[in-house]
Structures are given as C-alpha cells and as structure tokens.
Amino acid sequence: MYPVIAEITGNIGSAFGLLGAAIGVGMIGQKAAEAVGRNPGASGKILVQAIIGMALAEGLGILALFLAKANS
Amino acid sequence: MLRIKQLLSLLAVFGLATFAYASEGEGVAPAAAKLVDFGHGWAITNSMATGWLVSAALIGVIIFVLRSPKVLPTKSQAVFESLLETLRDLFEPIVGKKAFPVTFPLLVTFFVFILLQNWMGLLPGVGTVGRGHYVDGQFHLTTPWIRPFTADFNSTIALALVSFGAYLIIIFKYAGPKLILWDLFGNKADKKETPGWLYPFLSLVFLVVGCIEVFSIAIRPFTLSVRLFGNVFGGENLLHGTGFIFIFYFMELLVGLIQATVFTLLSAVYIGLICNHGDDHDHAEDGHGAEAHH
Numbered sequence: 001m002y003p004v005i006a007e008i009t010g011n012i013g014s015a016f017g018l019l020g021a022a023i024g025v026g027m028i029g030q031k032a033a034e035a036v037g038r039n040p041g042a043s044g045k046i047l048v049q050a051i052i053g054m055a056l057a058e059g060l061g062i063l064a065l066f067l068a069k070a071n072s
Numbered sequence: 073m074l075r076i077k078q079l080l081s082l083l084a085v086f087g088l089a090t091f092a093y094a095s096e097g098e099g100v101a102p103a104a105a106k107l108v109d110f111g112h113g114w115a116i117t118n119s120m121a122t123g124w125l126v127s128a129a130l131i132g133v134i135i136f137v138l139r140s141p142k143v144l145p146t147k148s149q150a151v152f153e154s155l156l157e158t159l160r161d162l163f164e165p166i167v168g169k170k171a172f173p174v175t176f177p178l179l180v181t182f183f184v185f186i187l188l189q190n191w192m193g194l195l196p197g198v199g200t201v202g203r204g205h206y207v208d209g210q211f212h213l214t215t216p217w218i219r220p221f222t223a224d225f226n227s228t229i230a231l232a233l234v235s236f237g238a239y240l241i242i243i244f245k246y247a248g249p250k251l252i253l254w255d256l257f258g259n260k261a262d263k264k265e266t267p268g269w270l271y272p273f274l275s276l277v278f279l280v281v282g283c284i285e286v287f288s289i290a291i292r293p294f295t296l297s298v299r300l301f302g303n304v305f306g307g308e309n310l311l312h313g314t315g316f317i318f319i320f321y322f323m324e325l326l327v328g329l330i331q332a333t334v335f336t337l338l339s340a341v342y343i344g345l346i347c348n349h350g351d352d353h354d355h356a357e358d359g360h361g362a363e364a365h366h
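Protein chains in written order, with our numbering: chain V, 1 to 72; chain H, 73 to 366.
Hint data in this document are derived by calculation from the structure and do not stem from the laboratory. Keep in mind the model is a prediction, meaning the values are calculated, not measured. Some clues are possibly wrong.
In silico DSS-like links for lysine-lysine, alpha-carbon gap of 25 Å or less [unchecked claim]:
hint : chain 1 : residue 1 : chain 2 : residue 2
1    : H       : Lys-169   : H       : Lys-250
2    : H       : Lys-147   : V       : Lys-45
3    : H       : Lys-250   : H       : Lys-260
4    : V       : Lys-31    : V       : Lys-45
5    : V       : Lys-45    : H       : Lys-250
6    : H       : Lys-260   : H       : Lys-169
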C-alpha cells in the first residue's frame, strides 16, 4: 500500500481544505438560489447573507492553501 | 447588430493577442520587492509606495470634488452621495442605530480604499514595469515597481488590525464590558422555563462555549487578512502566471469588488453582533417583565 501512497505528489493538505471550501460555497449558493426562487423580493437581503457565508467558508479554504504551502 | 459585431471582434482581438505575449509564464513572489532598503528589515516596498500613491490620488479626487459641498448637488457630488446612500442602506440594519454614526465613516473608508487598491492591480504596467536583467536575450524582471497594496500580506494584516482595533473600541464604548461578558459567557436559558437542576449545568455549558467564542474572536484578524491577501495575491499570480489571458481580467474585477464588500460587511457584522444584539435583548427583557407582572 505504501508504494501506492508514495506515488501521490503535490499539495494534499491544500487539496482537502480547498475541496471542503468549494463544496461549502456551492451549497450556500444552492440554498441562496432556492431562497430567491421562493421569495424574489428578498433578493437583496439574501445576497448579503449569502456573500457573508461564502466569504467565511472560502476564507478557511484560502487558509488551507497558503498555510499548507508555507509548512511544506 | 453592428455594435454586437464590433464588440465580438474586439473581444476576439484581445483574446488572441494575449497568446502572443504568453511567453513569460512565471508567477509573482509572495513577498513584496523592496524599493528602498534601510537595513535590519526596515524598507519601503513597492506595495507600500503603490498604496501611498493610490491614497494620495483618492484624497486628491475627494478634496477636488467636494471642496465645498452644496445642498443642491453637482453631478460629481451626486455620485458620491449615491454611493454613501447605498452603503448606508446596506450597513444600517447590520450595525444598529446606536453604533452606526461612529462606525459608518470607518466602513465607507474600508470599502472605497480596499476596492480601489484591489482594482488598481488590473491597470496595465502593474507588476511588469521595473528593474531587471537580461537572461539569454530575454528580459527578466527582478524588482517590479508597482504592486497592488492588498497583494502584500503585511498590508492586509495592517487593515485587519485596524478593523479589529476599531471593533474593540466601539464595542467597549457602545456596549460596555458588562454586556460583552454577558453576551459571551452569560447563561441565555430562560430561568422560569428550565428545571432547577438543569440550570447550573447550562451555566457551565455556556461558559465553555464562551471560551470557544473568545478563541474564534481572537482568530478574526488572521482570517480577515488571509482572506483578502489570498484572493488578491492569488488573482495577481494567476494573471501573471497564465500570461494575462483576457477573460481573467473580468474575474479579477469581480473578485476585487466581492473581497472589498466582504471585508467591510464582516467588520460591520462583527460590530453588529454585540451592539445590535444588545438592543434586542433589552427589549426582550422588558417584554418578559411585562408578561410576568400580569
């Protein structure tokens, strides 16, 4: 098994963090689109909430990208 | 129809032209290059100089346009007024009425400053003009003269520390230490509705949650700075590394706008969580008191 794992190269720490961030941002976007579809009048407020949520989720992904690289 | 054809042909020209230049495929170093070195780590870097230039330009524009504001606004004054109105409608429900007059200038400054510093990284000449040397007949750039202010980690740390310092000052002034401690560690369960044996246990739970919350508050300057730096520097790296493919300029415009909005919104939300929160609790307590009396 070890030879197989040793073949994996690149920055795995960043990869997992960014995978989580991408999935999180996508889920927030899905729910935001759904909420606007239910209540088109609240589109401005939903946009604000969605952007805040996406920023927090994406921030951790960027943390993973730069910290994993710094410690490699 | 002619307009659309013109637009499409222009886009095609830009798109294809970038491939002609896509020879230098290197990225940008994370540390900003020093322009003037004073020794022992003190220096003036290119991002500092760019930040000063853009700030001076912004201050110059504002002083020139708004030298004497009139009640009946001129066109340029109306632009600034509409910007301020939009931002006020966005931030007033978040921050709450008590802390809003003090917080609003800070938030507007953050937004306009970070937006301009992000967008100026898209001007031609940024990161490509500077000192270098020739290697095998091709010019290698070693010290670029212009670099966006927010593409340097030191700059975003400074911005995040200013935001965090303002947050501390505003919440201590407008909410008071007692409300802050209650909000972080206080038992928020309704004493009349929880069984007697459960209440002390809940107090302990809220205490532990408060410690976790203090840690997450302490980490805020770090996440604010890394988020802004990562997005802007990543975009700059992408543009330089892929040879300035045209479509990425639009993406960088959007990212610059969104990151400025997010930084300002998060600063407002952090302040509003304590200051706006307090108003709701005062009203809720009055409501409970009135119910208990009859």
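Status of the hints after comparison with the structure:
For the hint linking H/Lys-169 to H/Lys-250, the alpha-carbon distance of about 20 Å falls within 25 Å, and the restraint holds. A distance of roughly 29 Å separates the Cα atoms of H/Lys-147 and V/Lys-45; the hinted pair therefore is violated under the 25 Å criterion. Of the pairs offered as hints, the one joining H/Lys-250 and H/Lys-260 holds, with about 14 Å between alpha carbons and a cut-off of 25 Å not exceeded. For a cut-off of 25 Å, the pair hint linking V/Lys-31 to V/Lys-45 stands: about 14 Å separates their Cα positions.
For the hint linking V/Lys-45 to H/Lys-250, the alpha-carbon distance of about 31 Å lies beyond 25 Å, and the restraint is violated. In summary, the hint linking H/Lys-260 to H/Lys-169 is supported, as the alpha carbons are separated by about 24 Å, within the 25 Å threshold.
Hint violations for this structure: numbers 2, 5, all remaining hints satisfied.
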